[in-house]
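Peer 1: Here is how the chains run, residue by residue.
2 protein chains.
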Amino acid sequence: MGFVVEEQPYVVPTIHARHGDQLYIHGSVASRMLKSLRGGLRACVTVTLLDGLVLARSAFHHSMNYRSVIILGTAREVSGAEKPEALRRVVERVLAGRSEEVRGPNAKELRASTVLALPIEEASAKIRTGPPLDAEADYALPYWAGVLPLRMMAAEPVPDPRLSAGRPLSAALSGWRDLLAQRARRGD
Amino acid sequence: MGFVVEEQPYVVPTIHARHGDQLYIHGSVASRMLKSLRGGLRACVTVTLLDGLVLARSAFHHSMNYRSVIILGTAREVSGAEKPEALRRVVERVLAGRSEEVRGPNAKELRASTVLALPIEEASAKIRTGPPLDAEADYALPYWAGVLPLRMMAAEPVPDPRLSAGRPLSAALSGWRDLLAQRARRGD
Numbered sequence: 024m025g026f027v028v029e030e031q032p033y034v035v036p037t038i039h040a041r042h043g044d045q046l047y048i049h050g051s052v053a054s055r056m057l058k059s060l061r062g063g064l065r066a067c068v069t070v071t072l073l074d075g076l077v078l079a080r081s082a083f084h085h086s087m088n089y090r091s092v093i094i095l096g097t098a099r100e101v102s103g104a105e106k107p108e109a110l111r112r113v114v115e116r117v118l119a120g121r122s123e124e125v126r127g128p129n130a131k132e133l134r135a136s137t138v139l140a141l142p143i144e145e146a147s148a149k150i151r152t153g154p155p156l157d158a159e160a161d162y163a164l165p166y167w168a169g170v171l172p173l174r175m176m177a178a179e180p181v182p183d184p185r186l187s188a189g190r191p192l193s194a195a196l197s198g199w200r201d202l203l204a205q206r207a208r209r210g211d
Numbered sequence: 024m025g026f027v028v029e030e031q032p033y034v035v036p037t038i039h040a041r042h043g044d045q046l047y048i049h050g051s052v053a054s055r056m057l058k059s060l061r062g063g064l065r066a067c068v069t070v071t072l073l074d075g076l077v078l079a080r081s082a083f084h085h086s087m088n089y090r091s092v093i094i095l096g097t098a099r100e101v102s103g104a105e106k107p108e109a110l111r112r113v114v115e116r117v118l119a120g121r122s123e124e125v126r127g128p129n130a131k132e133l134r135a136s137t138v139l140a141l142p143i144e145e146a147s148a149k150i151r152t153g154p155p156l157d158a159e160a161d162y163a164l165p166y167w168a169g170v171l172p173l174r175m176m177a178a179e180p181v182p183d184p185r186l187s188a189g190r191p192l193s194a195a196l197s198g199w200r201d202l203l204a205q206r207a208r209r210g211d
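As you go down the protein sequences, you meet chains S and L in turn. Residues 24 to 211 (my numbering) make up the first sequence, in order. Residues 24 to 211 (my numbering) make up the second sequence, in order.
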C-alpha cells in the first residue's frame, strides 16, 4: 500500500480482504498518517503475483509473467461494528475457515488494531502470460528461450512448540497441500 | 516502487539490481514522471519476501513471517555508458549468467529502455520469523497454532514453442531446481 507524507511516498507491505467494491487493509503505519487527515488518505494498493521468468533471445525482450492490479482511491479508517467484521474478513482471506477456530478480538485488541477501507473506484490490471516475444530476426539466434514458471508453494505446517501434544491440525489447514495452488488458479 | 504525481501515490511492480550503495530499477512508468522533474523523483522501493502464515490462537496475534526492506530516496534517470551496464546487472539479478547467453541491447533498444538509479540513503528492514506469540492466557486454548511455511518454487522450464528442436537448456537455468531455494536462503 502506497501513501504520501509531506511529498515522500511510502510503500508498506500488508494484507487485505475484498468485500464488495472495497478493500479492507490491515494498516497500522498508514493509520498514523490518516489521523492527521480527516478527509481520508490518498492511497494506491498494488498486488502482484509473479508467475514466471520470461527468457527471450535478446536481453531487451526479457520479461516476467505476472498478474498485477493497481487500485487508486481515498482510504478511510474503519470503526464501530464494521471493524471486527473487517478483521474477520482479513483472517478469512488469508486462510478460509480460520476465523472460526480462534479466539476473536476483545475490546482492547480491537482498539489496538487498525483497518482501512479503500473503495475500488479506479483500478487497472495487467497480465502477462505465455512465451517470450522476440524481434522476428532474433528467432534465428542460437540461444535457449522460454519461461521458468514460478509458484508460491506451502510446505509442511510447523506446529507451535508450545502446542499440547496430540492436538489435531487446524481444520482450515487440512487442505494445505492444495491451498496455494488453488489460490493461484482462482486468481486471488 | 512508489512515487507521487500531483499528490496521488502510485506503486508499480518492477525488478531491480543492487550495485554498491545504489539500486537500479527498471522503470518505464516512473520515467515519464521523472522527465518533468529535473531534480529527480522522490521514491520508495519496498521489497518483501513472504515466508509463511503465522496462525496464532487468537485472531489478533495472526501474522506473517517475512523479510522486508523499505528504501527511501531520490531517483535519477540513468544514461550514457552506465545504462547498458545497469541493464546487464538487472538481467543478472534475475538470472545469474543469463546476460552472457543473449543478444545485448542495440542502440534503439537502449533508447526505448529506462533505468532509474536510487541511492540507498535511508532504509529500514523488518524480519519476522518463528512461531506465533500468543497472550499467555491463550496458550491454554484448544486451538491448533503454528506456521504454514511458504516458498517461491520454480517448476520445469517451458521451452519457447518456436525454439529449434534439440536446443540445449539455457546454461544459466541448468540449476533451476535449486535456484529459488538458494536465493531464499541467501536472503536476496
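One or more hints might be untrue.
[To be verified] Per the computed footprint, the stretches of chain S lying under chain L, defined by three or more beta-carbons under 8 angstroms from a beta-carbon of chain L, are:
| no. | stretch |
| --- | --- |
| 1 | 25-32 |
| 2 | 39-48 |
| 3 | 61-69 |
| 4 | 105-117 |
| 5 | 138-147 |
[What the hints assert, rightly or not] Between beta-carbon pairs, the in silico distance windows are:
| no. | chain 1 | residue 1 | chain 2 | residue 2 | range |
| --- | --- | --- | --- | --- | --- |
| 6 | S | 127 | L | 142 | 23 to 31 angstroms |
| 7 | S | 175 | L | 150 | 16 to 24 angstroms |
| 8 | L | 172 | S | 142 | 32 to 40 angstroms |
[What the hints assert, rightly or not] Straight-line Cα separation of at most 20 angstroms, EDC-like style, residue types lysine to aspartate or glutamate; simulated pairs:
| no. | chain 1 | residue 1 | chain 2 | residue 2 |
| --- | --- | --- | --- | --- |
| 9 | L | 131 | S | 161 |
| 10 | S | 149 | S | 30 |
| 11 | L | 58 | S | 108 |
| 12 | S | 131 | L | 159 |
| 13 | S | 131 | L | 30 |
| 14 | S | 58 | L | 30 |
No lab work stands behind these hints: they were computed from the structure. Note that the Cβ used here is the ideal one computed from N, Cα and C, for glycine as well.
Peer 1: Each hint should be assessed against the structure and marked as holding or not.
Peer 2: Hints and how they fare:
1. 25-32: holds (count 6)
2. 39-48: It is violated, with 0 qualifying residues against the three required.
3. 61-69: holds (count 5)
4. 105-117: The restraint on the stretch 105-117 of chain S holds, since 4 of its residues have a Cβ under 8 angstroms from chain L and three suffice.
5. 138-147: That given contact is violated, which follows from only 0 residues of the stretch 138-147 of chain S lying within Cβ reach (below 8 angstroms) of chain L.
6. 127(S) / 142(L): 23 to 31 angstroms: Since the Cβ atoms of residue 127(S) and residue 142(L) sit about 46 angstroms apart, the hinted range of 23 to 31 angstroms is violated.
7. 175(S) / 150(L): 16 to 24 angstroms: Since the Cβ atoms of residue 175(S) and residue 150(L) sit about 19 angstroms apart, the hinted range of 16 to 24 angstroms holds.
8. 172(L) / 142(S): 32 to 40 angstroms: With Cβ atoms ~35 angstroms apart, the hint holds.
9. 131(L) / 161(S): holds, 15 angstroms
10. 149(S) / 30(S): violated, 27 angstroms
11. 58(L) / 108(S): violated, 45 angstroms
12. 131(S) / 159(L): holds, 15 angstroms
13. 131(S) / 30(L): Given that 20 angstroms is the threshold and the Cα spacing comes to 35 angstroms, the pair is violated.
14. 58(S) / 30(L): The given pair, whose Cα atoms are some 18 angstroms apart, holds under the 20 angstroms limit.
Violated hints, in rising order: 2, 5, 6, 10, 11, 13; the structure is consistent with all others.
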